[in-house]
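Sequence order for the protein chains is L and X. Taking the working numbering, the leading residue of the first sequence gets 3, the next gets one more, and so forth. Taking the working numbering, the leading residue of the second sequence gets 3, the next gets one more, and so forth.
Be aware that a few hints might be false.
The calculated EDC-like cross-link candidates involving lysine to aspartate or glutamate, where the alpha carbons are at most 16 Å apart (straight line), are [as the list claims (entries may be wrong)]:
(1) 48/L <-> 111/L
(2) 48/X <-> 67/X
(3) 48/X <-> 138/X
(4) 85/X <-> 124/L
(5) 245/L <-> 161/L
(6) 240/X <-> 67/X
(7) 48/L <-> 161/L
(8) 48/X <-> 62/X
(9) 85/X <-> 62/L
(10) 85/L <-> 67/X
(11) 294/X <-> 312/X
(12) 85/L <-> 84/X
Residues from chain X shown here face chain L by an in silico Cβ test under 10 Å; the list is partial [stated by the list, open to error]:
(13) 62
(14) 72
(15) 75
(16) 77
(17) 79
(18) 110
(19) 126
Okay, the calculated beta carbon distance ranges per label pair [said to hold, decoys possible]:
(20) 153/L <-> 112/X: 17 to 23 Å
(21) 169/X <-> 214/L: 57 to 63 Å
(22) 89/X <-> 236/L: 46 to 52 Å
(23) 284/L <-> 81/X: 29 to 35 Å
(24) 162/L <-> 112/X: 30 to 36 Å
(25) 162/X <-> 153/L: 29 to 35 Å
(26) 171/L <-> 173/X: 43 to 49 Å
(27) 81/X <-> 275/L: 40 to 46 Å
(28) 298/X <-> 150/L: 54 to 60 Å
(29) 284/L <-> 112/X: 55 to 61 Å
(30) 217/L <-> 151/X: 54 to 60 Å
(31) 302/X <-> 93/L: 37 to 43 Å
Calculated from the structure, these hints are not laboratory results. Here the structure is a predicted model, which means the values were calculated and not measured. Where a beta carbon is used, it is the ideal one built from N, C-alpha and C, also for glycine.
There are 2 protein chains.
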Amino acid sequence: MAEHIVALSGGVGGAKLALGFAHLLAPGQLTVIANTGDDFTHLGLKICPDLDTVMYTLADLNNKELGWGQAGETWQFLDALEKLGGEAWFRLGDRDMATHIRRTGLLAEGLSLSDTTLMMCEALGIAHPLLPMTDDLVATMVRTRSGEELAFQHYFVRDRCEPEVTGFRFQGLENALPAPGVLSALGREDLAAVVICPSNPFVSVDPILYLPGLMQALKDAGRPVIAVSPIVGGMAIKGPAAKMMQELGMPSSALAVATHYQGRIDGFVLDEADADLRAAVEALGIPTIVTKTVMITLADRIDLARSVLEFSRQLSA
Amino acid sequence: MAEHIVALSGGVGGAKLALGFAHLLAPGQLTVIANTGDDFTHLGLKICPDLDTVMYTLADLNNKELGWGQAGETWQFLDALEKLGGEAWFRLGDRDMATHIRRTGLLAEGLSLSDTTLMMCEALGIAHPLLPMTDDLVATMVRTRSGEELAFQHYFVRDRCEPEVTGFRFQGLENALPAPGVLSALGREDLAAVVICPSNPFVSVDPILYLPGLMQALKDAGRPVIAVSPIVGGMAIKGPAAKMMQELGMPSSALAVATHYQGRIDGFVLDEADADLRAAVEALGIPTIVTKTVMITLADRIDLARSVLEFSRQLSA
Numbered sequence: 003m004a005e006h007i008v009a010l011s012g013g014v015g016g017a018k019l020a021l022g023f024a025h026l027l028a029p030g031q032l033t034v035i036a037n038t039g040d041d042f043t044h045l046g047l048k049i050c051p052d053l054d055t056v057m058y059t060l061a062d063l064n065n066k067e068l069g070w071g072q073a074g075e076t077w078q079f080l081d082a083l084e085k086l087g088g089e090a091w092f093r094l095g096d097r098d099m100a101t102h103i104r105r106t107g108l109l110a111e112g113l114s115l116s117d118t119t120l121m122m123c124e125a126l127g128i129a130h131p132l133l134p135m136t137d138d139l140v141a142t143m144v145r146t147r148s149g150e151e152l153a154f155q156h157y158f159v160r161d162r163c164e165p166e167v168t169g170f171r172f173q174g175l176e177n178a179l180p181a182p183g184v185l186s187a188l189g190r191e192d193l194a195a196v197v198i199c200p201s202n203p204f205v206s207v208d209p210i211l212y213l214p215g216l217m218q219a220l221k222d223a224g225r226p227v228i229a230v231s232p233i234v235g236g237m238a239i240k241g242p243a244a245k246m247m248q249e250l251g252m253p254s255s256a257l258a259v260a261t262h263y264q265g266r267i268d269g270f271v272l273d274e275a276d277a278d279l280r281a282a283v284e285a286l287g288i289p290t291i292v293t294k295t296v297m298i299t300l301a302d303r304i305d306l307a308r309s310v311l312e313f314s315r316q317l318s319a
Numbered sequence: 003m004a005e006h007i008v009a010l011s012g013g014v015g016g017a018k019l020a021l022g023f024a025h026l027l028a029p030g031q032l033t034v035i036a037n038t039g040d041d042f043t044h045l046g047l048k049i050c051p052d053l054d055t056v057m058y059t060l061a062d063l064n065n066k067e068l069g070w071g072q073a074g075e076t077w078q079f080l081d082a083l084e085k086l087g088g089e090a091w092f093r094l095g096d097r098d099m100a101t102h103i104r105r106t107g108l109l110a111e112g113l114s115l116s117d118t119t120l121m122m123c124e125a126l127g128i129a130h131p132l133l134p135m136t137d138d139l140v141a142t143m144v145r146t147r148s149g150e151e152l153a154f155q156h157y158f159v160r161d162r163c164e165p166e167v168t169g170f171r172f173q174g175l176e177n178a179l180p181a182p183g184v185l186s187a188l189g190r191e192d193l194a195a196v197v198i199c200p201s202n203p204f205v206s207v208d209p210i211l212y213l214p215g216l217m218q219a220l221k222d223a224g225r226p227v228i229a230v231s232p233i234v235g236g237m238a239i240k241g242p243a244a245k246m247m248q249e250l251g252m253p254s255s256a257l258a259v260a261t262h263y264q265g266r267i268d269g270f271v272l273d274e275a276d277a278d279l280r281a282a283v284e285a286l287g288i289p290t291i292v293t294k295t296v297m298i299t300l301a302d303r304i305d306l307a308r309s310v311l312e313f314s315r316q317l318s319a
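Just chain L, with the same shape it has in the complex:
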């Protein structure tokens, strides 16, 4: 029987596993939902970093060297902008600019973020639906030790994650509606599992899970929700997750990630490097598998997707 997977993703790490599922599953068997809490308006352009990272990854346009942005990217725009006295701290590549210009133009015409995403994904030949978590404005704000609250991209890119984090606030989230297609994907008869990709739990996954109606829809679905740890051997594969955890007063470990998700997930995936944590995670009441989660090659991505799929079958059995 055909099974449908809903993958919840932040940026780079999540996109890797989403790509694994995209290769493993036929069109119609996968819906990817991306965090939009990182979105912001910069230089007059609506920029959706996680959505774009997933889109570029699924379209095989992602830059494998940089780990973000488009392959074959160049920086002429930014160089010229700097000479004109413009803000150049957010690294907008020349090819990447097309995405932001196209999206901003379509939004100005009255299309929703979902519609613009659909149009761009179709143009790029992406077979599986990619949905923003919401069409409404949600802005992740980072609370810092100094008392200053920073917009996410200012914290993440401009300030290079240097400020000490004390918490987060998702501005607009309480009034945001899940984008069209989000709840219906979770309500599908053939839904096999919901996979929380290895993304930052605090700033990439929580905004999705905290969307009004989302947790209820997961409960109503009655299918396993499986999280893949973004922390391996105490370190984040990419991004500030481990640093954030330490600043928030928790150990930067896969166990702490599982604890963070406790009550919201039905299964957890540990990397082989963290096999010794399995008993502790299971002691939280969370069934756990240990597999290779560090995805270097495309085969790694597909293998991990396959392991998660098999795990979901065990959990449903």
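Guided by the hints, dock chain X onto chain L, whose structure is given.
Positioned in the frame of chain L, the structure of chain X alone reads:
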């Protein structure tokens, strides 16, 4: 005594002579006023082709091979935009994009077109003031044989000047105010001459001259207004001027250009190739010199500027 020149310019041809003056004259001795009738909003960006061509030329950033845009330009943005299903008929280069993004952003903050131009010119180290003819919206519309009226860039770039022209309309011109600095430049005590650079008389120069108050200011100034023919040997050095003239039922000749300007200029500059037209132009009551007006090298630009300056002294004597 220091003399001040006001140069009225369209795009490429006008910018060449403006550059000649910029090299010949000290800062404070030159004001360049550029046509903005070609301006349009495209992909959400305010684009000012003539203003940008003059700015790039004065900053020595202009693309000498293409004859428009920036030197070392690349086209990654446009390539990616086309793949996303966006409009790619207007050739926006990656470096050029920075100008449009910067300008659009500053305008959105409430700055005027003059202010944004000033800020960008300062950032690029341009010593002489470059002014848009107006801060108000003026849109050159091209009337065509088919009855359709085309926005200028649609006629010029998208339709490659193919439609047969029957006339022009400058939408918004009757209510446009000359930009700050335009009338005061024309009212300067030390004004030596106003030079109409070799630009398209119909779509680059007329919008400037037809600005409310502009002709009166030229009359009040009482200094020679000198036009350099953009038509040489019956052909336009660049652009559709000659084709337009034929379609409008006039010969495509420097004499017809002089006739078009009759009553509005005090001197005319013919190329050596058109020396035989001198008597006919002078018969219109317009003093005329013959010199080399085709500007290939920087020295050509400076030489022509010098010839025009000397001519203005003869006319003032």
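Here is what the structure says about each hint:
1. Straight-line distance between C-alpha atoms of residue 48/L and residue 111/L comes to about 13 Å, which keeps the hinted pair within the 16 Å bound.
2. This hinted pair does not check out: residue 48/X and residue 67/X have alpha carbons roughly 25 Å apart, beyond 16 Å.
3. A threshold of 16 Å between alpha carbons decides the hint, and for residue 48/X with residue 138/X the separation of about 13 Å falls inside it, so the pair holds.
4. Among the hinted pairs, residue 85/X with residue 124/L is consistent with the structure: their alpha-carbon atoms are about 10 Å apart, no more than 16 Å.
5. The hinted pair formed by residue 245/L and residue 161/L meets the criterion: a straight-line CA distance of about 14 Å does not exceed 16 Å.
6. With a CA separation close to 14 Å, the supplied pair residue 240/X and residue 67/X stays within the 16 Å bound.
7. For the proposed pair residue 48/L and residue 161/L, the alpha carbon gap of about 20 Å is over 16 Å, so the pair is violated.
8. In summary, the hint linking residue 48/X to residue 62/X is not supported, as the alpha carbons are separated by about 22 Å, beyond the 16 Å threshold.
9. About 13 Å separates the Cα atoms of residue 85/X and residue 62/L, which keeps this hinted pair within 16 Å; it holds.
10. For the proposed pair residue 85/L and residue 67/X, the alpha carbon gap of about 22 Å is over 16 Å, so the pair is violated.
11. At roughly 14 Å between alpha-carbon atoms, residue 294/X and residue 312/X fall within 16 Å of each other, so this suggested pair holds.
12. For the hint pairing residue 85/L with residue 84/X, the CA-to-CA distance comes to about 27 Å; that exceeds 16 Å, so the pair is violated.
13. Because the smallest distance between the Cβ of residue 62/X and any Cβ of chain L comes to about 12 Å, over 10 Å, the interface hint for this residue is violated.
14. Using the Cβ-Cβ criterion of 10 Å, the hint placing residue 72/X at the interface with chain L is satisfied: the shortest such distance is roughly 7 Å.
15. The closest approach between the C-beta of residue 75/X and any C-beta of chain L is roughly 8 Å, which is under the 10 Å cut-off, so the hint is satisfied.
16. The restraint placing residue 77/X at the interface with chain L holds, with a minimum CB-CB distance near 8 Å, inside the 10 Å limit.
17. Hint status for residue 79/X: holds, given a least beta-carbon distance of 5 Å to chain L, under 10 Å.
18. A distance limit of 10 Å between C-beta atoms decides the matter here; for residue 110/X the minimum to chain L is near 6 Å, and the interface restraint holds.
19. Proximity of residue 126/X to chain L holds as hinted, the smallest CB-CB distance being about 7 Å (cut-off 10 Å).
20. Between residue 153/L and residue 112/X the beta carbon distance is about 22 Å. The supplied range of 17 to 23 Å therefore holds.
21. For the pair residue 169/X and residue 214/L, the supplied restraint of 57 to 63 Å holds, since their beta-carbon distance comes to about 59 Å.
22. Distance hint for residue 89/X and residue 236/L: a CB-CB separation of about 49 Å, consistent with the stated range 46 to 52 Å.
23. Under the hint 29 to 35 Å, the C-beta atoms of residue 284/L and residue 81/X, about 51 Å apart, miss the expected range.
24. Range check, residue 162/L to residue 112/X: about 31 Å between beta-carbon atoms, so the 30 to 36 Å window is met.
25. At about 45 Å, the CB distance of residue 162/X to residue 153/L disagrees with the hint of 29 to 35 Å.
26. Range check, residue 171/L to residue 173/X: about 48 Å between beta-carbon atoms, so the 43 to 49 Å window is met.
27. Take residue 81/X and residue 275/L: their Cβ atoms lie about 41 Å apart, and the range 40 to 46 Å holds.
28. Take residue 298/X and residue 150/L: their Cβ atoms lie about 58 Å apart, and the range 54 to 60 Å holds.
29. Between residue 284/L and residue 112/X the Cβ separation comes to about 60 Å, which falls inside the hinted range of 55 to 61 Å.
30. At roughly 57 Å, the beta-carbon separation of residue 217/L and residue 151/X lies within the given 54 to 60 Å, and the hint holds.
31. The supplied range of 37 to 43 Å is met by residue 302/X and residue 93/L, whose beta-carbon atoms lie about 42 Å from each other.
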